[in-house]
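Chains P and C, in that order, are what the protein sequence lines are. Numbering follows numbering that gives the first Met the number 0, with no gaps: position 172 of the first sequence is 171. Numbering follows numbering that gives the first Met the number 0, with no gaps: position 9 of the second sequence is 8.
Careful, some of the hints might be misleading.
Chain P regions said to be covered by chain C (calculated; three or more residues, Cβ under 8 Å) [unchecked claim]:
| hint | segment |
| --- | --- |
| 1 | 53-63 |
| 2 | 125-133 |
| 3 | 164-173 |
Simulated from the structure, these hints should not be mistaken for laboratory data. C-beta: ideal position from N, C-alpha, C; glycine also.
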Amino acid sequence: MSNDRVTSTPFTKGLGFFVLLGIALLIILGIFVSPADVNQGESVRIMYAHVPGAWLAYLAFVMTAVSSAAYLWKRTRSLTWDRIAGASAEVGVLFMGISLVTGSLWGRLTWGTYWTWDARLTTTAFLFVTYIGYLAVRGLGGTHQQRARRSAVLALLAVLEIPLVHFSVELWNTLHQEASVAGRGTDVEMNGLMLFTLFLGVVVFTLMYVWLVLHRQRSLMLEDMLDDSGLDHALSERRAEATQAGR
Amino acid sequence: MSNAGQQRFTGTTVIGTARLIAAKDLRVELRSRVLLNQVLPFALIVMVMFAFALDSDAVLERVAPGLVWLAALFSTLIMVSRSFAVETADGALDQLRSAGVPAMGIFIGKMMALMAQLVVLVTLLIIAAVVLYRAELSWAGSVLLVTTGLTATCGLAAVGTLYGGLAAGAKGRETLLPLLLLPVVAPVLIGATRATESAFGTRGVSTSQGWPWLGLLAVFAVLFSVSGAVAFGPLLDD
């Protein structure tokens with residue numbers, strides 16, 4: 000009985016161990032071992048958290064859309080898909096926040112400004128706000144199925160909205176960019192160890208994402224169970240009162 | 000409602016429902032005058048406050064198109080809230096659904112009513128821009144401006160009805176709606192502002208440069224009208 004009140008399984012425990020190991024390795028490689036960049040200097044180390052964070056957030060939002068579609072598909076209507084969508088969006092928002100903060104710090108060091116009205120940056124900010132709204136809709140209340148349907152439709156609308164926002168910001172940008180910032184960093188040749196560290200970061204963050212979503216999905220299930228049993232509990236209490244009053 | 004209305008109701012066609020719902024919403028507005036007495040004055044005071052904040056005729060003239068659409072967006076939020084407060088106050092939306100009224104018809108009807116009200120609002124805002132911010136309007140510019148206004152309000156009405164329906168009936172929807180809606184309508188703000196800039200000739204932009212922006216507005220309007228009509232049913236089903 001007590002076993003299903005725990006969100007970890009042998010698999011997630013093993014996975015968690017590897018994630019911790021990976022983070023330790025990433026810190027060692029990213030901060031101490033890998034060299035400073037020729038152009039960016041020490042600030043390049045921010046990239047080892049920033050790039051995987053952004054990648055993970057995008058992955059999380061894609062996963063939210065996919066599991067929302069799976070929820071709405073025909074008559075599956077499985078709340079598990081809904082919880083995976085919710086858990087994934089939560090993790091995505093968290094990492095997009097981290098990515099935005101580290102990105103603007105890096106921008107300040109490298110470009111001399113926290114923010115530019117670049118299409119990618121602006122769309123990312125929109126994405127961040129959109130999924131904060133998505134999480135707020137999940138918290139609106141109502142039945143579990145209501146929550147699932149609302150949020151699934153919203154997640155699929157975001158798939159429509161984001162490309163359109165990106166496209167329009169790009170149009171706006173090509174006409175109105177006043178001071179463009181040089182050096183997008185894409186043509187920079189990366190040192191082998193730097194590339195490996197970045198790659199390791201992506202792998203570690205992806206594993207961390209899986210670990211977080213598995214746990215969060217299960218804790219969301221427990222929350223739903225608590226809601227349901229709370230209602231049952233209250234009902235049986237009222238019934239008990241009624242039978243006592245009837246006697 | 001009259002007998003004629005009820006007879007048409009039994010048909011429950013999408014278009015018939017849409018017409019009835021739109022007429023109902025506009026009748027509610029005519030009798031309550033919320034748009035006239037509350038939303039339009041709000042939009043006007045926003046335009047006046049912009050002038051206080053920016054405090055320069057030159058700057059105001061330069062940013063007038065953006066301010067028109069920003070004020071329009073803020074007012075849209077209020078109008079969407081109002082549009083669904085009417086439906087959920089007495090559980091009217093649930094009753095419509097349990098009466099077997101097609102959801103697509105409800106969506107189109109509410110969208111049409113909202114669009115009609117938005118057209119009035121935007122017209123007033125443009126007049127305010129001409130009067131308060133010294134925006135200049137030529138004949139060629141007027142044609143562009145009318146087309147822009149219609150396309151943009153169509154998009155705003157579609158997306159407003161869709162997200163209004165999504166948040167309808169939930170506690171705390173008044174505070175949630177702006178958070179959901181504003182990021183989505185960013186393309187409308189961008190497209191409509193640029194097109195209006197050309198119509199006003201702000202910063203020497205010629206009228207012909209405004210027409211391509213209509214494409215963006217049209218894509219937005221079509222995309223959200225269609226997805227709204229499709230998604231509205233699943234959203235309301237309980």
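Going down the list of hints, with the structure as the test:
| no. | hint | verdict |
| --- | --- | --- |
| 1 | 53-63 | violated (count 0) |
| 2 | 125-133 | holds (count 5) |
| 3 | 164-173 | holds (count 6) |
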